[in-house]
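If you read the protein sequences in the order shown, they are chains A and B.
Count along the first sequence from 1, then add 55; that gives the number in this note's numbering.
Count along the second sequence from 1, then add 15; that gives the number in this note's numbering.
Bear in mind the hints are in silico, worked out from the structure with no lab data behind them.
Careful: at least some of the hints might be erroneous.
Stated by the list, open to error - Just some of the chain A residues that point at chain B, by a computed CB distance under 8 Å: (1) 120; (2) 130; (3) 133; (4) 188; (5) 192; (6) 194; (7) 311; (8) 317.
Cβ atoms here follow ideal geometry from the backbone N, Cα and C, with glycine treated the same way.
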Amino acid sequence: MNGAAGGRSALADHNNDGLSMSGQGKLLYRFASPQAFYPLAGALWPWFAAAAMVLGMAGLYIGFLVAPTDAQQGDAYRIIFIHVPAAWMSMFIYIIMAAWAGLGLVLNTRLSSMMASALAPTGAMFTFVALWTGALWGKPTWGAWWVWDARLTSELLLLFLYLGFMALHGAIDDPRRADKAAAVIALVGVVNVPIIYFSVQWWNTLHQGASVSMTAAPKMARIMLWGMLVMALSFWGYAIAATLVRVRSIILERERHSEWVARLRAA
Amino acid sequence: MQWSSLEAFVAMGGYGPYVWGSYGVTLLVMAAEVVTLARRHHAIRRLIDLRASLTETEHEEQA
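Just chain A, same shape as in the assembly (with noise of 0.2 Å):
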């Protein structure tokens, strides 16, 4: 399908004749080419897993052993440290991915429309996880599964934008033409991301205020705080090493065609 995208020189999509650039430019130009960022990817990634699962060891060690049986809510309380961590994911990861895909919409770059596909899947499942662990933390305390109230529904329907961007960018066969769309997807549902933060404050909801918040003293214990951080900095190492392996997928599947991917294997 791309076998004439594929032959291009790895810089040929960047019309970088004339700019007078920085030596921190330059690094930076140089790793926007995907056959440059392929093997960086590939160094990078192990590091980020291994931080992964000594971080989640250590979350898990601080949620299950350290951290004292809540008050008021038992042991169900135990699901914020994958709840919470779980939700901030689905938010971060899709700003980070319509600012990927809104560069490549803009500048044209190929490798930022790349990672905006190979963060769409890691995005979804942690909104899977924030609304699956939401689900059964609900019923325990509240009575319910799930409620239509402004947090959840707005929650739902970052999903359904994950799902809809990856539906869209695999239904359209030229993938420079399914990044534009999908580009245009997910530029759109980010209106929803501060939908979904602020809506326990704009809306009366079911759902609890902001558990950590930059203007206010944390309303939970200092080692139950830990716990969820530390959680996050886990799942944060998870993202970061799932999206580069997946990139590396899709620099290879849209570059099959090219010189450099033919000489990996030689190599």
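Given the coordinates of chain A, work out where chain B should sit on it, guided by the hints.
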């Protein structure tokens, strides 16, 4: 340590199914994603290797 016994740990103060259902499914979907990622990467590497060996045979036949 919060737990007097393994049974108490598993029971999670009566919330066992909710807590373990949350952690179990999370671990499951993450593991599923890791397997999918590995399969996808191996599939494209295999395709590239296959094509490379096909073109090599072509060259040998022409020579």
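Cross-check of the supplied hints:
1. 120: holds, 6 Å
2. 130: This interface hint holds because 4 Å falls under the 8 Å limit.
3. 133: Because about 5 Å separates residue 133 (chain A) from the closest Cβ in chain B, which is inside the 8 Å limit, the hint holds.
4. 188: holds, 4 Å
5. 192: Since the shortest Cβ distance to chain B is 7 Å, the answer is holds.
6. 194: holds, 7 Å
7. 311: At about 6 Å, which falls below the 8 Å cut-off, the nearest Cβ of chain B leaves the hint on residue 311 (chain A) intact, so it holds.
8. 317: Status holds, d = 6 Å.
Consistency with the previously given hints is maintained throughout, with no hint failing.
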